[in-house]
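Residue numbers (the working numbering), protein chains in the order written: chain A, 5 to 242; chain B, 5 to 242.
No lab work stands behind these hints: they were computed from the structure. You may find that some hints are simply not true.
Repeated chains share a single entry, so a pair holds when one copy, or any two copies, can fit it.
Result set (BS3-like, lysine-lysine): computed pairs, CA atoms no more than 27 Å apart in a straight line [what the hints assert, rightly or not]: (1) K163 x K54; (2) K170 x K142; (3) K130 x K142; (4) K130 x K161; (5) K163 x K238; (6) K147 x K130; (7) K54 x K161; (8) K163 x K130; (9) K170 x K54; (10) K130 x K54; (11) K194 x K130; (12) K170 x K238; (13) K163 x K142; (14) K142 x K238; (15) K161 x K238; (16) K130 x K170; (17) K147 x K54; (18) K54 x K238; (19) K147 x K163; (20) K142 x K161.
Note that this is a predicted model, so its numbers are computed, not measured.
These are the residues of each chain, in order.
2 protein chains.
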Amino acid sequence: MVQGYELYYWPSIQGRGEFVRLALEEAGVEYDDVARRDEGAMFRFLDGMKVATPPFAPPFLRAGRLLIAQTANILLFLGARHGLAPPSEAGRLWTHQLQLTITDILAEVHDTHHPISTNRFYEEQKAEARARSRDFLKERLPKFLGYFERVISANRKGKGHLVGAKLTYVDLSVFQLVEGLRYAFPRGAKRTERNCPAVVALHDHVERRPRIAAYLNSDRRISFNRDGIFRRYKELDL
Amino acid sequence: MVQGYELYYWPSIQGRGEFVRLALEEAGVEYDDVARRDEGAMFRFLDGMKVATPPFAPPFLRAGRLLIAQTANILLFLGARHGLAPPSEAGRLWTHQLQLTITDILAEVHDTHHPISTNRFYEEQKAEARARSRDFLKERLPKFLGYFERVISANRKGKGHLVGAKLTYVDLSVFQLVEGLRYAFPRGAKRTERNCPAVVALHDHVERRPRIAAYLNSDRRISFNRDGIFRRYKELDL
Numbered sequence: 005m006v007q008g009y010e011l012y013y014w015p016s017i018q019g020r021g022e023f024v025r026l027a028l029e030e031a032g033v034e035y036d037d038v039a040r041r042d043e044g045a046m047f048r049f050l051d052g053m054k055v056a057t058p059p060f061a062p063p064f065l066r067a068g069r070l071l072i073a074q075t076a077n078i079l080l081f082l083g084a085r086h087g088l089a090p091p092s093e094a095g096r097l098w099t100h101q102l103q104l105t106i107t108d109i110l111a112e113v114h115d116t117h118h119p120i121s122t123n124r125f126y127e128e129q130k131a132e133a134r135a136r137s138r139d140f141l142k143e144r145l146p147k148f149l150g151y152f153e154r155v156i157s158a159n160r161k162g163k164g165h166l167v168g169a170k171l172t173y174v175d176l177s178v179f180q181l182v183e184g185l186r187y188a189f190p191r192g193a194k195r196t197e198r199n200c201p202a203v204v205a206l207h208d209h210v211e212r213r214p215r216i217a218a219y220l221n222s223d224r225r226i227s228f229n230r231d232g233i234f235r236r237y238k239e240l241d242l
Numbered sequence: 005m006v007q008g009y010e011l012y013y014w015p016s017i018q019g020r021g022e023f024v025r026l027a028l029e030e031a032g033v034e035y036d037d038v039a040r041r042d043e044g045a046m047f048r049f050l051d052g053m054k055v056a057t058p059p060f061a062p063p064f065l066r067a068g069r070l071l072i073a074q075t076a077n078i079l080l081f082l083g084a085r086h087g088l089a090p091p092s093e094a095g096r097l098w099t100h101q102l103q104l105t106i107t108d109i110l111a112e113v114h115d116t117h118h119p120i121s122t123n124r125f126y127e128e129q130k131a132e133a134r135a136r137s138r139d140f141l142k143e144r145l146p147k148f149l150g151y152f153e154r155v156i157s158a159n160r161k162g163k164g165h166l167v168g169a170k171l172t173y174v175d176l177s178v179f180q181l182v183e184g185l186r187y188a189f190p191r192g193a194k195r196t197e198r199n200c201p202a203v204v205a206l207h208d209h210v211e212r213r214p215r216i217a218a219y220l221n222s223d224r225r226i227s228f229n230r231d232g233i234f235r236r237y238k239e240l241d242l
């Protein structure tokens with residue numbers, strides 16, 4: 005069952021790949037972060053007509069004969085294999101539903117610095133980025149984090165997790181979301197966190213888990229920078 | 005197994021709910037489109053602290069004791085129950101991966117008319133909407149539809165479907181995507197479709213399926229309008 009995985013993702017950013025890396029690290033399984041030693045390998049899958057299930061974009065994971073793309077889909081797969089999601093259908097769907105809400109906010113975070121075009125530089129859409137960031141920090145971020153706060157609080161089996169009594173992959177993703185928000189929007193994140201103590205406590209719990217703590221201190225953890233989804237531009241932290 | 009479903013979605017638009025409606029219609033199962041007779045019922049789930057698995061947003065589906073949100077997640081569930089996805093793990097993940105790529109393009113379509121703020125009127129972000137639409141039609145739409153074209157063409161079991169030899173829920177979603185694009189961007193869609201004959205053929209195939217054809221001719225099918233994801237503004241069809 006447990007086997008060597010191959011992860012394919014941009015080698016110089018955390019980005020969406022980081023949500024997969026965190027799950028692999030917490031699961032304690034071996035994986036090869038392929039593009040960090042051979043970036044070309046990634047493109048062979050993206051361009052290849054020979055691939056039966058071609059990814060639209062990284063990240064993607066090779067697991068034996070499977071080639072799986074889309075962050076939430078990879079986590080659905082890993083969650084079932086490595087006990088990072090409940091085994092029941094209801095629990096599996098609920099965990100995945102929360103992860104897809106993470107997918108949604110990540111797309112919005114990306115658009116705070118690229119509201120007009122992914123293909124053009126930030127500097128070419130700076131005014132629009134400012135307007136979009138203002139809206140994100142004022143309206144969207146409180147709505148998303150407030151939702152996760154409510155879910156944690158309503159979880160009776162709880163202990164501060166989002167789903168059931170145990171850690172799931174979506175707990176790891178909320179940790180990473182908070183990490184990214186703190187990097188990109190130090191002031192905006194702090195303001196919203198004040199109303200989300202359960203989210204902050206979950207972040208802190210994940211950070212202290214032995215495998216995650218070891219990973220964060222290793223050189224496998226890439227630093228945040230201005231090429232990822234979460235980017236720090238002082239003028240956007242309104 | 006087959007039971008009465010309750011669908012909860014905005015009653016006056018196709019929106020994301022339409023992807024679920026199409027799957028329910030093709031499956032030939034009974035469902036109650038609840039908010040079309042009682043909009044308040046939807047809000048009781050959204051606001052309710054009493055709900056164990058509260059949705060972040062519509063659509064959501066009630067199936068017995070399950071309450072499932074996120075369009076792609078609902079389709080994952082329905083696909084497995086009603087033969088609208090392959091039964092194998094590999095096939096199930098691949099179908100879902102394609103559906104999540106539909107999720108991605110839908111978020112981008114939404115942002116063509118609301119690139120700055122979901123909470124403000126289109127008229128307040130018209131210039132930015134024009135810039136974003138230009139980029140969408142020139143760069144993003146050809147990339148997404150070209151991807152689906154490649155997937156259909158590379159499917160050896162084929163017959164023009166995206167996955168394997170039979171219709172899946174993602175075929176229905178590509179049909180709806182093409183429908184929406186034609187409504188919102190008649191010129192832009194036509195331009196891109198020229199390079200995507202397999203996507204167009206799949207659209208036409210789905211349109212002619214007896215249950216889908218009957219649905220499209222019924223009053224259960226809401227017309228496109230300027231409140232949904234796909235909106236027609238002449239000035240954005242560049």
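**Request:** Have a look at K147 and K54 and pick one of within, between, both or neither, based on CA distance no larger than 27 Å.
**Result:** Between copies only: 19 Å across, 43 Å inside.
For the identical chains here, do K163 and K54 meet the 27 Å Cα criterion within one copy, between copies, both, or neither? Classified as between; 19 Å across copies, 47 Å inside a copy.
Discussion item. At most 27 Å between CA atoms: does that hold for K147 and K163 within a copy, between copies, both, or neither?
Written reply: Classified as within: same-chain Cα gap 23 Å, cross-chain 44 Å, threshold 27 Å.
**OP:** Have a look at K161 and K238 and pick one of within, between, both or neither, based on CA distance no larger than 27 Å.
**Re:** So K161 and K238 fail the 27 Å test inside a copy (40 Å) and across (52 Å) alike.
For K130 vs K161, is the C-alpha pair at or below 27 Å within one copy, between two copies, both, or neither? neither (45 Å within a copy, 47 Å between copies)
Q.
At most 27 Å between alpha carbons: which applies to K163 and K130, within, between, both or neither?
A. For K163 and K130, neither the intra-copy (42 Å) nor the inter-copy (47 Å) Cα distance is at most 27 Å.
For this session: Have a look at K170 and K142 and pick one of within, between, both or neither, based on CA distance no larger than 27 Å.
Result: neither (32 Å within a copy, 46 Å between copies)
_Treating 27 Å as the Cα threshold, decide for K130 and K54: within, between, both or neither._
Cα proximity of K130 and K54: none, with 40 Å in one copy and 43 Å across.
| task | Evaluate K142 and K161 at a C-alpha cut-off of 27 Å and name the case that applies: within, between, both or neither. | result | For K142 and K161, the Cα distance exceeds 27 Å both inside one copy (32 Å) and across copies (49 Å).
### Query
For K142 vs K238, is the C-alpha pair at or below 27 Å within one copy, between two copies, both, or neither?
Answer is within; shortest intra-copy Cα gap is 16 Å, inter-copy 31 Å.
- Query: At most 27 Å between C-alpha atoms: does K163 with K142 qualify within a copy, between copies, both, or neither?
  - Reply: Answer is neither: 29 Å inside a copy and 49 Å across each miss the 27 Å cutoff.
Exercise. How would you label the pair K170, K54 (within, between, both, or neither) given a Cα cut-off of 27 Å?
Worked result: Classified as between; 21 Å across copies, 40 Å inside a copy.
Consistency with the previously given hints fails for numbers 2, 4, 5, 8, 10, 12, 13, 15, 16, 18, 20, ordered from lowest to highest.
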